[in-house]
Structure formats: structure tokens, C-alpha cells
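Using the supplied hints, reconstruct the complex from the two chains, each of which is provided in its own coordinate frame.
Now for the letters of each chain:
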Amino acid sequence: MSISLRFDPVRLPDYCQDLRQEVRAFIAEQVAQGVFDPNVEEHPFEALDGFAKAVAAKGWIGMAWPREYGGQERSFLERYVVNEEMLAARAPTRRYFVADRQSGPTLIRYASEPIKARVLPQIIAGNATFCIGMSEPNSGSDLFAAQAKATKVDGGWRLNGAKIWTSGAQFADYMIGLFRTSAPTKENRRHGLTSFLVDMRSEGIQVNPIRQITGMYEFNEVQFDNVFLPDDNLIGEIDGAWKQATSELAYERSGPERFLETFGAMRAFLAAVQGSDDPRINEGLGRLIAQLHTMRRMSVSVAGMLEAGREPVTESAIVKDLGTVWDKALPKELRGLISLMDYDSYDVAAYRERMDYFTRMSTKLTIQGGTTEILRGIVARGLGLR
Amino acid sequence: MALDSDDIHIATAERIFADHADLQAVAHDRAGNYKAALWQAVVDNGLTLAMLPEASGGVGLSLDQAFDLLRAAGRWGISVPLADTMLAGWALAAAGLEPREGKLLPLVPAPRGKLSIDAAGRVTGRCAEVAFGREAEAFVALCDGPDGPVIALLDPSICQIVEGTSLAFEPLDAVSVDGVAVSSAPAGGAVTLPEMAATARANQIAGALETMLDISVAYAIERKAFERTISKFQAVQHLLALLGEECAAAVAAAVSAGDTLARGDSGPALLLEVAAAKVRCGEAAEQASAIAHQVHGAIGFTAEHPLHRLTLNTLAWREDYGTEAHWALALGKHVSAGGADALWSLLSDR
Ligand SMILES: Cc1cc2nc3c(=O)[nH]c(=O)nc-3n(C[C@H](O)[C@H](O)[C@H](O)COP(=O)(O)OP(=O)(O)OC[C@H]3O[C@@H](n4cnc5c(N)ncnc54)[C@H](O)[C@@H]3O)c2cc1C
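Heads up: the sequence lines are chains S and W, in that order. Residue numbering for the first sequence follows this note's numbering, starting at 363 and increasing by one per position. Residue numbering for the second sequence follows this note's numbering, starting at 55 and increasing by one per position.
Calculated directly from the structure, the hints in this document are not laboratory data. Errors might be hidden in some of the hints.
The calculated lysine-lysine pairs, modelled on BS3-like cross-linking and capped at a C-alpha distance of 25 Å, are [stated by the list, open to error]:
| id | chain 1 | residue 1 | chain 2 | residue 2 |
| --- | --- | --- | --- | --- |
| 1 | W | K286 | S | K548 |
| 2 | S | K415 | S | K478 |
| 3 | W | K157 | W | K89 |
| 4 | S | K605 | S | K511 |
| 5 | W | K89 | S | K694 |
For reference, chain W alone in the conformation it holds in the complex (with noise of 0.2 Å):
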């Protein structure tokens, strides 16, 4: 494995991703050749390995390294299933389950789906949206079982996949399955998967955010009109200066909820803070993309230009593991049962 420490972690994946999903070549890609190079080398390099605990075929990353890692990822819009396998390969991990080699898909049922295991390990039930659903080599399941929540492998020969696209342009297919799972076991620290894959998503969209805000400054600096550039004009520096807020809001959500997980905390704290990073990141990516976009002009507007890479994506990871609703409903109820005293110990024990 070429990766040891934590910085080179990252180095190494940015030049992979530099190398394979340079932003400018992969807009210009519109059928995705540059996928299969990409996930080869993000997978010879150990980069699907991230969350997995060393004793269990990991890298030697501690957790909040790996959402590091996914958010170094969201800087180039990655579009493979990098964070996905990784998130599967962990839910096997940490519920005692063999390792799995190859591309492997989470299936998170809630908000949009439900899938059941019974006594004899059979599987049955639907996900509605799943990110790159076609493209697994085995989905890793959270199901509900008779004694509680399970893990399941499960092979996509008894799934039935239906395909469909998500608002960047990729895969976004609907799963059903009814079948025997390869192999299954109880959840344990994987149930915890649902806020995993929301802390993951939320890390991918506030580093895309971190490239929009520098693409938009840089070419705010250099873009001239009225004989000066437009950086000079207040408006636009407003502009920015909001871009820049939103970008900083969401990296340090989906950074204190990274820590949150990789410090193991559970409970309300950990509802807090996965929940207001999938929220504050949505939020984000919404308002985020739409100044970079007026930043831009029309050519932020053309497929030939790479900013549609980190908006249509930002805008489309918002969809997947729970929506800005989904969570901000769950925190919602949470806090309006407690009473104001109550949230104020919630948020400041954090």
C-alpha cells in the first residue's frame, strides 16, 4: 500500500484525482471514459480501504482521516463510487462480517426505500434512489431483522435494478430485492451506517464548495468587464464573500461530524451533528452553486465548463442519505420534545 501517514493519505489521493478526474478533461468526458482508469487507481491505491479498521484490511486511516479523504474527493467532483464502497466495506467491518473485494454499494433504506431479513436470511423490500445501483459488484445492506437492525451481503443476481439518472448525469437507480443474502449478521456498530454515509456525503459536498469558492475567485480576478475586473465591483465581492461563508459553514459541519463519528460518540450528540452537517451542507451546496454560477456568467452555463461538475454533483449528493428534511425533521422532533434547556446542554456539550 502506498499510503501511511495522514497527510500523504490525502496528497496521494489528490494526485490521483488530479491525475485521472482532472476537472477540465473529465468535463470534456461527457460518456465517462475516464471512470474505469480512475476507480482503478483509486482502488490499487487503497483509497475504498479508508474506514476499515486496520485489523480488518485497513490503511491505517483513523475515521476522521477518511472523511478528510472523501472530502479531498468532493474538491474534484469525483464521480465513482469511491465514498460508497468505502461506507459498505466499513458496515461489513463493524458488523463482524468477511471482507467483500471489488465495488460495493450501501443500501440505506430510510428515507426512501425499507428492506426486511428474515429468520432464514432473506431479504425483501425496495430502495428507491441508490447511487451507482447498477454498477455494484455486492450491496451491503441495512436491514430491518426479527431481533433488530442487520447487516446483509447481498448478491445483485436476486436484486431487480431499475435504472434511472440523477440530476449531475449518473447513475441514480432504484433496487429491489428478494433473495437470500450471501451472508448477514447482526448490525452492531454498523448501525451507525445511516449517519456514516450522511457525515460522508456532507464531507464530498463541502469540499466541492471549497473548489467552487476558488474557481469563482480566480476567475473573478481575471474576468474584465466595464474596463475592470468584476472582482472590483461590491456586488460581486458580496457574492463571494457569501460563496466563502457558505463553503466555510459547510466544511466546519461536516468536519465536527466527521469528529463526532470518529470520536464514537452516539445518541442525541451524534443526531446533532450528522444532522445539521447533511442540513447545513444541502443548504450550502444550494446557495453556494448559485452564486458560482452568477459569478460565471453564461460560460459557467456550458457543458465544455467544469463548474456543472461540482454544482450538478453537490446539488445531487444532497438527494442521497437522507435529505435536508429527512434529517432536519429527525433533530427537529428531537429538540421540540426536550424543551430549550435541554438544547442548550445538547449543543453545548459539543
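Chain S on its own, in the form it takes in the complex (with noise of 0.2 Å):
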């Protein structure tokens, strides 16, 4: 057979499972201390500040990194578990997750030694925030049409532009950002841009918040007014950028918040109808932990691989189309379950409100990070038609 899509049967080995009950008794005093709601969505910053330090503490933040920036070497699957535990729970990561999933990585692999030294600690003790900085008002899923510039100076660069939908930046630290440092070629459109560190306290720098369609702030719009960078924050290549991508693209689209971001959906549904013996709630409920089990295992098995030192791009694409499309399809599958419940059988007031949040940010989940189009686009690349 030609086409070799094999996710084998990984089971996480006893060491992560002891660790799991770690982090749930973890989780659980931070409950109980008051430190965090598992039902509210937005945590002040001192709340994700203050979770995050619990969380460094425990050594649960850069965990799989080298041990000479302050990691404790541990395997990709520990950390796969320590996540799924934090995302099960709706724990408030905010502070570090995006550090820990894709910043840190990226630094190791690609950023100057006097970077690694200094900021990668920092993650590790939960002191620095991360957000992205791709996307452009010109510039989404096409990544290389984007046009915010970093010029050539003495010592360093320059930036000019503005950056759009970046999520956390208003209580980022750093931002790792994709700069125009030349004109793309004719031979290659993706030739020239570079990525680069930035701090969020430089000069120069204006974060103005959108507000979304759940209410809430989650991302904005960066300017950038002739801002310096020091030459040691380039990462990796001048112009080529593109050629950093790929891997850490398996990173950040295998990992369970792909398919457990409405989670809470599921919790809220579940108190609801505990018990019931309707046979339709429970078949279709059914259906949904069929598929629900199902990404999961594969998604651990994309670990395995990740932990194996290979380069899973088209399992993870996958992983993650499968995972939002069904992430993103909780909200109205569970409508038209908990709609056959007796209404005076649960608190359908506090149901309503707590489901409308997952309703209302569903659509998001099939679009940031790659939407269903480029990640079919991959998928198709991968079965060798384009």
C-alpha cells in the first residue's frame, strides 16, 4: 500500500501516569486555595501570575528543556501530560503557555546563546509571557505576504509595522515576531523574512486591544514605531524564516488543546445530565466520547512520534483538523442533546450562560494557528497531490 498514515498504539508509560496524579493533587489545592475557578474564562493578572509561579515551582514549566537553561530534560510525554491535565482542569496557563509550547522551543533550537541564557530562565520560573507575531491586517493565512519591516542598523534593527490579532500581548513579556528584512525573489516568495525577539517593554511599541465577539480582550494589534532590537535577538536565518516553521508547526498543532479547548462544554453538559437514562442523550453523548477517544489517542501517538525525534507534520495536521472541527461542532452537538432534558431537571439559567461562552468562541477554534483550508491543504500535500 502506498500511503502509510500509521498512528501506532502509544501508551504513556507508568512514570507520566504517576506524574498525572501529581498534577491533579496540584490542580486540586490550587482549586481549594482560591487561586483559580475551572468555571470562570478570564483570570486578572495576578491570578495567571500567581499560577504560574505555583507551576514553575513544581518544575512543570520548560520541563523537556536542556538542563543547562534551567529545564529538567523530562520527556515530550510528560509534558504531554502535565498540559492535558492543566487543559482537563481549564487551569489559567495563559502566563506560560505559549512559551512552553512554541517560544521556548523555537529560542533553543534557533536564538543566539546570550538569548537562551537569559530569557529561557525566565520562562522557566514563570516570568515571561509570550505572544505571537505573525499575522498582519494584509497578512493571515498567507503568512509570507507580510510586511512589517525590520531595517539593518548599527548594532541591531529597526522595526516599523503593526502586527494584528495577537493574542495576550497586552501582558506579554516577549513577542517572537516575523519581520520583513528583504523582498521575496522571484524564484521564492517566502525569501525574506526573518524572525526576530522582541522585547514588549522596547520603545516604540503600542498595544492597542480588540475586543471579540465573546466580550472579552484576548488579542490586539501591536505598532511598531521604529523600534530597536539588539543584534543578538535575531532567531535563525536573515530571510529565511520559512525554513524555521515546519517543525515547530508539529509542536504546536498535535497537542490536546486542539480538541479539548471546549472541555468546560463538556463539563457543564455532563453535570446536567448525570444520570440520565435517556437513550438518546446517551447515544448521542456516545458518539461524542467515540471521537473525543479517538483524537486523543491519536494525539498521544503524534507525541510518541514527536518523542521518537521524527517530524510528524501531516499526522499533526491532521490531528489538529480532526480535533477543531469536532472542538468547534461541542457546543451545538451538545444544544441538541441537553434540548431532550427535562427542563426543571437542571439549573437551565447557569447552563445557558456557561454554554453561550462556548457557543460564542466555537468559531475561533477552526481558524487561529491554520484554518481548515491550510490544514487540509497539508494534508493533501502529504498525500503526494500537490
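If you want it as C-alpha cells, here you go:
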């Protein structure tokens, strides 16, 4: 057979499952101490910061990174377990999530030594929040249309232009941003973009919040007005950022956040229907769980591939596409099922309030970090169609 | 026995399937004349014994390898009761009964039937849809006994068989029983026959999807329309990407369930894995078949083209040993009784 999309049945080793119990106990303690409420979506920065410090004290930020930068060199599977427990418990990981998942690994691979030595320990201590500066008003799926500019000057670079939809920029300490350093060439339109580490406290940066459909302010416009960056802040190859993107995406795309973002909706639903013997509800629920279980098994399998040093680009795109489509549909599916319940058997108003949040946010799931259409293009390439 | 190591097992099996059930050749053989020689080769090479432990006359395959072999059979759209005879032989052995040669078919009553056995070994009841029922040389039935589940070996002479036809034009018969079993024993390890059987079908479906994906991609790369190959149209690329994703999900779910049975897991974990596999593979069968036909256009709608061997078989296999709804209901009942933390423990333990 010519096409092999094999997801081996990886089982998490015992040491991972022991760690899981430790994470659960830790989260329960944090909730009991009132550090966060799993049923609340927005936490003040102090709560996010307090939680990050507590996680850092456990050694769970950057836990798979090299010891020389303060990491623990624990396995990718252990990181997976910590991550999925945090998601299932709806823990407020915003202060460190992006840095832990992708910015840190990018720095480890491509940043200068002084930057690594300075910034990685900050992340590990829960003191450095990262944001991702890729999208621009006229450059979304097509990242290679980016126009925000970095110009070489004595001892460093000057940034000008704007990024948009930048999640968490309002409290980020750093951005890893994509800036144009040369024009694309005729042969390669991907040429000419360069990655930089930007200190968000630099002079000339302005962060303008953008209110979202949910009523919350998660993303922003970030303007750069002649912002200076020292040479050390260059990440990887000048004009060659496109070469650095693919492996990073495998990490970004296959994680459990791709199908657990609406787990809070599942929690609310199960609390409302607990003990129901309505076969319509149970049958519908069973189908949803069959999908959820299968995606998790695929995602764990990809974690195993990453642990083994492979770059499962197509497999990751598959997990993300299946995961986000399912995740996005979950509030709709649950709506269909809950309407079969007797309305005075659960707290309808509280349930609606909770569910409405998930319905409002669900449409982003198949857009952020690569749309459905872009992902299917990647899968099609993996199948040899392009 | 020609079979000794895992890869060789699968390779040997695939060779047999290629020799006797070439997709194109079989598609032309409306009368099913290929089946006798295929069955003979399958039996001669010990494939029907793949689920047996070596001590009971097996060929040294682990259970997950046996499921791999069924996925291979699925890749060729095999329509002889290979999985079924494997399962029936396994159930006899797991209940500590003497092995029996020949074409054995399992009778798994739920959800479309009911079988009981009394203290004297008399079996009564009915199974509504038994794949290949009329071909049985013996039935291996999972019955309700006075003291719990019992495995009973039945001679077809005590059964009344009403012939029917499956979606894939294969035998799908109703079997009624009233008579004394040849032998019987408490089911023991064979209580998981329903889970084994559902996982077997899930693997067959997953295998068929692998071939559907292969031939659909190959066709798209070759077929031209509007002066280019249809693989260049983004709409077609995205359809095939979805087919690839459904195929990947089906294989992942089926392999995971096979692995679970091979590890000997039981209880809610087994329910989760098996139900997820049968549900997910059933759903994937539906989506993948629709896409494969869409990509093939009219040629795929012909009896001549082998696509229907894969699509109709996978759709028919959804019906066997519990439909998606049957397994989803069992899983959903378990999950809704427990709440979210119990669900999360169940999922994350796997
Ligand atoms: C909640 C949220 C948070 C975000 N956070 C960040 C962040 O922190 N940092 C950041 O840089 N960006 C962020 N983004 C932006 C995100 O990465 C982009 O929205 C995404 O890449 C799509 O770009 P776009 O919105 O410009 O849509 P477009 O690229 O304009 O796409 C519009 C539509 O056209 C389709 N389309 C585009 N190209 C193709 C093609 N080749 N083939 C087929 N269809 C195509 C798309 O699939 C989509 O349906 C965030 C977005 C959201 C919703």
C-alpha cells in the first residue's frame, strides 16, 4: 500500500501516569486555595501570575528543556501529560502557555546564546509571557505577504509596521515576530522574512486591545514605531524564517489543546445530564466520546513520534483538523442533546450562560493557528496531491 | 504451517489475498466463484487459527497481530468468513472447549437477538442477522445460561436458517435455534466475544478505508478534466484530505482497541476502546465511502469497478456485531452515569 498514515497505539508509561496524579493533586490544591476557578474564563493578571509561579515551583514549565538553561530534560510525553491535565481542569495557563509550547523550543533551536541564557530561565520561572507576532491586516493564512519591516542599523535592527490578532500581547513580556528584511525573490516568494525576539517593553511599541465576539479582550493590534532590537535578538537565519516553521508547527498542531478547548462545555453538560437514562442523550454522548477518545489516542501517538525525534507534519495537521472541527461542533452537538432534558431537572439559566460562552468562542477554533482549509492543504500535500 | 513471524504473517496473508481476491478480478466475478479457492487457501495457511493461543493449536500470533491480519483482509475487501471463523475458534478455546475444524460462525445475540441455554444444554432463541449464516459448519454461540454466560457449540442441523442478503450482496441470514448443543461450557474468557467481534469488524473497516484512500488518490492523480488532473482542483484535494483523515482515525481507533484486547484490559476501559472503535470506524466508513465515490465519478458506480467491493463491504460491516448506535449507547450510558472527572480519568488512563 502506498500511503501510510500510521498512528501507533502509544500508551503512556507508568512514570507519566504517576506524574498525572501529582498534577491532579496540585490543581485540586490550587482550586481549593482559591487561586483560580475552573468555571471562570477570565482571570486577573495577578491570578495568572500566581498560578504560573506555582507551576514553575513544581518544575513544570519548560520541563523538557536542556538542564543548562534550567530545564529538567524530562520527556515530551511528560510535558504532554501536564498539559492535558491543565486543559481538562481548565487551569489558567495563559501566563506561560505559548512560551512553554512553542516560543521556548524555537529559542532553544535558533536563538543566540546570550538570549537563551537570559530568557529561557525567565520562562521556566514563570516570569516571561510570550506572544506570537505573525498575522498582519493583510497577511493571515498567507504569512509570506507580511509587510512589517526590520531594517538593519548599527548594532541591531529597527522595526516598523503593525501586527494584528496578537493574543495576550497586553501582558506579554516578549514577542517572537516575523518581519520583512528583504523583498521576496522571483524564484521564492517565501524568501525575505526573518524571526526576531522582541522585548515588549521596548520604546516605540503600542498595544491596542481588540474586543472579541465573546466580549473579552484576548487579542490586540501591536504597532511598531522605530523599535530598536539588538543583534542578539535575531532568531535563526536572516531572510530564511520559512525554513524554521515546519518543525515548530508539528508541536503546535498536535497537542490536546486542539480538542479540549471546549472541555468546559462537556463538563457543564455532564453535570446537567448526570444519571440520565434517555437513550437519545446517551447515544449522542457516546458518539461524541468515541470521537474524543480517538483524537486523544491519535494525539498521544503524535507525541510519541515527537518523542522519538520524528517530524510528523501531516499527522499533526490531521490531529488538528479533526480535533478543531470536533471541538467547534461540540457546543452545537450538546445543544441538540440537552434540549431533550426535562427543563427543571437542571439549572437552565446557569447552563445557558456557561454554554453561550462556548458557542461564542467556538468559531475561532478552526481559524487560529492555521485554518481548516490550510490544514487540509497540508494533508493533501502529505498524500502527494500537491 | 507457513507462518512464523509477524511481518511474514501479514505478508503471507496479503499474498494469498492478492492471488485469490484481486480487487479487479473479484469485481468481475459476480457469482462469487473466487470464494472457494480463497477459503481453501486461507484455511490451508492457518489464517483462521490466528486468534488461538499456540497451546490451543494457534499459529503463534499475538491478538493484536491477529487484528492486524484482519485489517489486511479489509484492505482486499475479503468476503469470506475469515474474521468470523477466527472469532468462533477463539471463543471455543477461551471457554476451554475442544477445537473444531471447518467454517465456524459466532452467534453474538446482542443487540439483534437472544439465545438461552438451560441446564440440560438445550439452546433456544434467535439471531436476526448473521453474516454468512448458511455457510456454517458449526455455530459457536454466546448464550445466557442459568449461572451466567455460556459458550455452546451448535450443529447447524438444530438451527433454522432464513436466508437474506447484506448491503454488499453477501449472505446475511437469520438463525433460530432449538436443540441440544454438541458441547458447552461457562464462557470464561470468552465473555468478551462481543468486544472481540466488534473490534474485528472495526479493523476490517479500517483496512478497507486504507485501500479506498490509495485508489482514490491514485485515480485523482491520473484522471483529467478541464485539461488538468483532477488532483489539481483544491475542492478535490480537500475531499481527499478528509478521506485521509477519516482513514487515519479509523485505523487509529481500530488498532487501539485491538491493542486493548491484546493487553487483556477489561471493564470500562475495554468498553471505551471497543465502542469508540466500532462507532468511529462506522462513521468513517460512511464519510470515506461517500468521498471515494464522489472522487471516482460515474466509473465508481459501475459493477465493473472494484470500488464497490470496498465501499459496500465497509458499509455492511457497520451492521455486524453492534451498530454505531448500539455501542454509542452503551458508552454514553456509562459516561453519563459518572460525570466529567470520571470521564477524564477514563480517557486519560488509556
Ligand atoms: C482567536 C484568535 C487568536 C489569534 N491569535 C493570533 C496570534 O496570537 N498571533 C498571530 O500572529 N495570529 C493570531 N491569530 C490570527 C490567525 O493566525 C489567522 O486568523 C489565521 O491564520 C487566518 O488568517 P486570516 O484571519 O487573515 O484569514 P484569511 O487568511 O484571510 O482567510 C480567510 C478565509 O480564506 C481561506 N483561505 C485563505 N487562503 C486559502 C487558501 N490558500 N486556500 C483555501 N482557502 C484559503 C481561509 O481558510 C479562511 O476561510 C489569531 C486568530 C484568532 C481567531
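Among the hints numbered above, which are violated by the structure, and what are their numbers in rising order? 5
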